[in-house]
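For this one, chain G is given, so just place chains R and L on it according to the hints.
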Amino acid sequence: MRPENYQAVRLPSSNEYEIFIGPNHPGIEGNYAFKLRLDGDEVISGKADAGYLHRGFEKLMEGRLWIQNLAIVPRICVPDPVPMEVVYSLSVEAISDIEVPERGQWIRVLQMELSRVASHLFTFGGHAATTGMYTPSYWGVADRDLALDLFEELTGGRVYHIYNIPGGVRRDIPDGFLDRLGHYLDYLESRQNDYDNLLFTNQVFVKRARGIGVINKEQALEWGVTGPNLRACGLPFDVRRDDPYLIYDQLDFDIPLQDAGDALARILVRRDELFQSVRILRQIIKHLPSVKGPVRAPIPNPLAWNVPAGESYSRVESSKGELAYYTVSDGGPKPYRVHVRGPSSMHAVQVLENVAVGARIEDVAQIMFSLDACPPEVDR
Amino acid sequence: MKKIKYEDIGSILNPLKNLQFFARKPITEDLEPRPAAKIYRGFHLNDMEKCIGCSTCQKICDNAAITMVKVPHLKEDPVNGIKNLRPAIDYGRCCWCALCVDICPTGAIELSREYVHVCDGDEVDSYFILPQEKGIHGTEQEKGWTKTASNDLLARTRTDMGEMTPEARGDNFKEIVDGYTDEQAILEASRCVQCGMCHDSCPTHMHAPEYIRAIWKGNVEEAVEWMYETNPFSHVCGRVCTHRCETACSLNQTGLPQGSEPIAIRWLKRYAMDAVPHERIKEIVARKKSQEKTGKTIAIIGAGPAGLTAAFDLVKRGHDVQVFEALPKGGGMTRYGIPYYRLPDDSLERDIDVIQSMGVKIEYNTRIGEQISMAQLHTDYDAVVLAIGLQSGRSTRIPGSEHKDTRSAVELLRLIGNHDGDEAGFDIPRTAVVIGGGNVAMDIARSLARYQKQRFNQVEIIVTAIDELEKFPADKEEIKESLEEGITIIPSRGPQQVMIENDQIKGLKTWHVESVFDSDGRFAPQYDDSDEQIYPAEMVIEAIGQMAETELLGNTLTEQLEWERGRIKVAQDGSTSAPWLWSAGDCVNGPDVVHAVADGHRVAESIHACLTGNKVSDGKLNDE
Amino acid sequence: MNCDEINVWLDTLLEEINEIKVTRKSDRRVRVDVDASSLPALLELLKGKASYVHLSAISCVDWPDDEEFELVYHCWSYEAKSLLSAHTRIPRNSSEEFARYVSVYDIYKPAGFFERDIYEMFGIYFESSPFMEKFILTEWNGPPPMRKDFDAEAYVNETFNWAEYNPDWLQEITEEGGGIAIRPEDVRL
Chain G
373 MRPENYQAVR LPSSNEYEIF IGPNHPGIEG NYAFKLRLDG DEVISGKADA
423 GYLHRGFEKL MEGRLWIQNL AIVPRICVPD PVPMEVVYSL SVEAISDIEV
473 PERGQWIRVL QMELSRVASH LFTFGGHAAT TGMYTPSYWG VADRDLALDL
523 FEELTGGRVY HIYNIPGGVR RDIPDGFLDR LGHYLDYLES RQNDYDNLLF
573 TNQVFVKRAR GIGVINKEQA LEWGVTGPNL RACGLPFDVR RDDPYLIYDQ
623 LDFDIPLQDA GDALARILVR RDELFQSVRI LRQIIKHLPS VKGPVRAPIP
673 NPLAWNVPAG ESYSRVESSK GELAYYTVSD GGPKPYRVHV RGPSSMHAVQ
723 VLENVAVGAR IEDVAQIMFS LDACPPEVDR
Chain R
37 MKKIKYEDIG SILNPLKNLQ FFARKPITED LEPRPAAKIY RGFHLNDMEK
87 CIGCSTCQKI CDNAAITMVK VPHLKEDPVN GIKNLRPAID YGRCCWCALC
137 VDICPTGAIE LSREYVHVCD GDEVDSYFIL PQEKGIHGTE QEKGWTKTAS
187 NDLLARTRTD MGEMTPEARG DNFKEIVDGY TDEQAILEAS RCVQCGMCHD
237 SCPTHMHAPE YIRAIWKGNV EEAVEWMYET NPFSHVCGRV CTHRCETACS
287 LNQTGLPQGS EPIAIRWLKR YAMDAVPHER IKEIVARKKS QEKTGKTIAI
337 IGAGPAGLTA AFDLVKRGHD VQVFEALPKG GGMTRYGIPY YRLPDDSLER
387 DIDVIQSMGV KIEYNTRIGE QISMAQLHTD YDAVVLAIGL QSGRSTRIPG
437 SEHKDTRSAV ELLRLIGNHD GDEAGFDIPR TAVVIGGGNV AMDIARSLAR
487 YQKQRFNQVE IIVTAIDELE KFPADKEEIK ESLEEGITII PSRGPQQVMI
537 ENDQIKGLKT WHVESVFDSD GRFAPQYDDS DEQIYPAEMV IEAIGQMAET
587 ELLGNTLTEQ LEWERGRIKV AQDGSTSAPW LWSAGDCVNG PDVVHAVADG
637 HRVAESIHAC LTGNKVSDGK LNDE
Chain L
22 MNCDEINVWL DTLLEEINEI KVTRKSDRRV RVDVDASSLP ALLELLKGKA
72 SYVHLSAISC VDWPDDEEFE LVYHCWSYEA KSLLSAHTRI PRNSSEEFAR
122 YVSVYDIYKP AGFFERDIYE MFGIYFESSP FMEKFILTEW NGPPPMRKDF
172 DAEAYVNETF NWAEYNPDWL QEITEEGGGI AIRPEDVRL
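Quick mapping for you: the protein sequence lines, in order, are chains G, R and L.
If you're matching positions, the first sequence starts at 373 in our numbering and goes up one per residue.
If you're matching positions, the second sequence starts at 37 in our numbering and goes up one per residue.
If you're matching positions, the third sequence starts at 22 in our numbering and goes up one per residue.
Isolated chain G (complex conformation):
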């Protein structure tokens, strides 16, 4: 239905032709299309086509009470919903000067990192699948599911947690949760060898991924690349370190780097990041019991809550990169404007369009997945 709206490309009498990848394609997280112009099997130009997941979240948010938006925001990025909740809450807290109790901050970081683990596992599987390896995607999804079990126990929901709230988190962690989280981390570490053998040092995969979709440092900065994709170009930038929020400045973690800027470098950065998250979670398990106090600062009755007039630009590091919300309040019971700046709005559009040029058709899906683009962040 959709491609018919395009004018047919008048192809010169050469080998050039045009094909669509998507909107339904296993190489994309979500519905998203990519229009390619090819010469033989080499990409001459690519054009992103978004809008299949547009639900008008930003507009919806303007019509709902501050607190009602909590149910919307996680839907903007399904594989990694926690940062959406946290950054929205952070922006509301910044405008209305609410201080989150320390225990609430630790629990938020716990979720953020567990969500990063879950999201990266998902990406490993997806990335491998675009090279024709399906076993890692089964493993990735199955191991991610164990993280979702933990989320279910913590928040009451598997995918849409709706657990963060301006002021903190909705309730405290259940008894014994940290033990079970610890067991999960043990399990993940025990799986490291399996994943390494199967994927990260697998000749078949490494040779497919190396040199694919290369971004150099200058390009990365010019195109606004962030997150693991930026760190795969050798640039050690991470919002958690550079613009710390919550209690990240009290945590000990490294920022994994690679220099090559290609698909392999990106997945290796994610692999290392996953285990850095495990390291952070271990610190939380150790430290959280000693942080006493409430998990939530009181907020006014949500039915009569006028957030004071003001604006805030809040940023967090999601599993995909820099996630920011620009929130404006006119002093009313509903947000005046919420602008969602998802990392994928760069990665899935301009970066992808540029990187795909010169690639071979069989690598396009891999490039897309290696950028870990999340189309709903583009559509919103």
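Everything labelled a hint here was simulated from the structure, so no lab data went into it.
Be careful, since some hints might not be right.
[As the list claims (entries may be wrong)] With a straight-line Cα cutoff of 30 Å, these simulated DSS-like cross-link-like pairs (lysine-lysine) come out:
no., chain 1, residue 1, chain 2, residue 2
1, L, Lys46, L, Lys169
2, L, Lys46, R, Lys253
3, R, Lys53, G, Lys579
4, G, Lys579, R, Lys39
5, R, Lys545, R, Lys489
6, L, Lys102, L, Lys68
7, G, Lys589, R, Lys38
8, G, Lys658, R, Lys489
9, G, Lys589, R, Lys39
10, G, Lys419, L, Lys130
11, L, Lys46, G, Lys706
For chains R and L alone, kept in the frame of chain G given last:
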């Protein structure tokens, strides 16, 4: 963590290592639904008994998934804040965010751990569900996400109001409470969930949700406008109303571990009335006055809340109203029954001034039946309203109660009300016993305590009643504050005799009360005469109820009218058996300011309909 | 260049650019209000001389009462670790199809995405931006939806029907004399 170098290709045999998985035990998952987590957010449960139908869940629902359904067989009890509305959930819209659970004032609505529901196209109605104690398929379901103190979204604690300490207030008649500041009032108003229970429970159906919202928005003038829709005694009611609204308030919950206090609706009313300048209030109220005169005249006997409310309504509609008051000032029982520390004079004056500014004429010191006869009024006016209140106190009629120092509370309060606080108008006894457990008993005890503190620097007052302390009709605050002011309260005592020696009262003899009502629920106190005590007192004050003084009617009229248990019989609209005479207020309903106001509206409506030829059938004031 | 130097630099900038107001909100947040005509020059200086190489986002806010759009350019400096939000206002041009402003694509490449987004959501045409075309709302012919005068809820109510349910339990209650009392659309706050 084992490092992997970018250059590391790994052995070509690496993937083969994974062949070991053939030797591992496969993981098998059942096809049966897995039990959900303990706090899972599954389908709704609703405790039909706990749910009060306030529809707060509907307001917070971000997907408009909740419809309120009227369930007729459930209890509908507006006075206690219970409606028979219950939430029905549209699972085509619900997103299981559980904000309804977090905001529910009572904790009735909860989510279960049930999460499987499958149906096809023609069973789509099964998505619309009225949650009950059992799950959506009628089976017992475990609770999932429930309300805890942590995820409760409502502010349960009332905003504190500054007030005088017992030491500071003990010897004077200054108003005890400070009133809310702007900030406090907005904070308190923000707690409201706009359920409307207060409106339904209020005798005069004040638009409390609307004026609370207006206060929250910072628009006190709009709040005042809403108040005058239904209550021209808003200064008075803002201070001394019996506030049934607060009893009915959805936030008035006892079953929650975190506690829950009702919105301070009365104090918010007081705040808004004080926040708007007096002259501005008059302007706001005057907007509603009819520009056309009807030419009808009405006489109202008694310038208390009922009489003046009726006068206010009738003047608003273009009638000519003349009020006759026997005493030198207006306000009735609110002036001559309520001490200044609860209701300062000027608040009452301001209410009366607004009413007079609308064109109500009041003639003071005019006692009907003496200066002017009822028959005269009947001839001179198109309609007459009897709003004479309850002016004389009931007596216990125990031996000694006829002594001159056995006084009735209303009589003493009237004397106090005639003076300015330093003088009482009678000799203050060094010791006194008050019989009765209602607000009047507390009023006289606390007034006397102030005088005793002034004169003798000590308080020796005993309040005693036959009820248990929990069953005292007085407000809990009144009891608490009385105790703070040094008054002794002795419950469950039956007065037997006023002890008199040499024509001087020496004390009150009481017996312990074993039970107040008999098995049929009739008032028949049983005493234990072995437990006898005598409380020393120079004065005994009876505060056990009031009666109307109906001598002014004259014999002819008294015989002409129909009576019911000592009161004039009135229809629901306040009309008596005489077609030109209406009766309203305490003399019909018993003592309560806000009831009197409601009554005033009712008779005004009835008189207006009668005089303009549209008789209302049920006599109920229509909501404007 | 560290934070202090950038502070000094911003102060000297005050003299160079007309109508500029700098508000330091916190250590890492600076708000700059600048005239629309001076904004490109400011961004050029920020990127070229002050290490603000990363354009994090361009946000647009509609202020119909002022007949203005507010554009906010969020620039991040990896060196100074500071986020500078440059606010500017442009006329809303309500009588015409588009409001107009200049593109900053030649300074910051990410601007291309945000400008196109604002173009289709708010109807602001960015001169010399290479992407002034539909992207997300390809099949939408109505007004730019993020403008405040487009009422999304009203549009939904006109375009779609609410589901009407009549399950057995509701029929029973209706026979008893009850039934639907308050519909959700009646209480939208």
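Structure-based check of each hint:
1. L/Lys46 / L/Lys169: With a Cα-Cα distance of about 28 Å, the restraint between L/Lys46 and L/Lys169 holds, given a limit of 30 Å.
2. L/Lys46 / R/Lys253: Holds, because 28 Å separates the two Cα atoms, which is no more than 30 Å.
3. R/Lys53 / G/Lys579: holds (19 Å)
4. G/Lys579 / R/Lys39: holds (19 Å)
5. R/Lys545 / R/Lys489: Within the cut-off at roughly 25 Å; holds.
6. L/Lys102 / L/Lys68: holds (14 Å)
7. G/Lys589 / R/Lys38: holds (26 Å)
8. G/Lys658 / R/Lys489: violated (63 Å)
9. G/Lys589 / R/Lys39: holds (23 Å)
10. G/Lys419 / L/Lys130: OK: G/Lys419 and L/Lys130 at ~16 Å, within 30 Å.
11. L/Lys46 / G/Lys706: holds (23 Å)
This entry does not satisfy hint 8, going by the numbered hints stated previously; all others are met.
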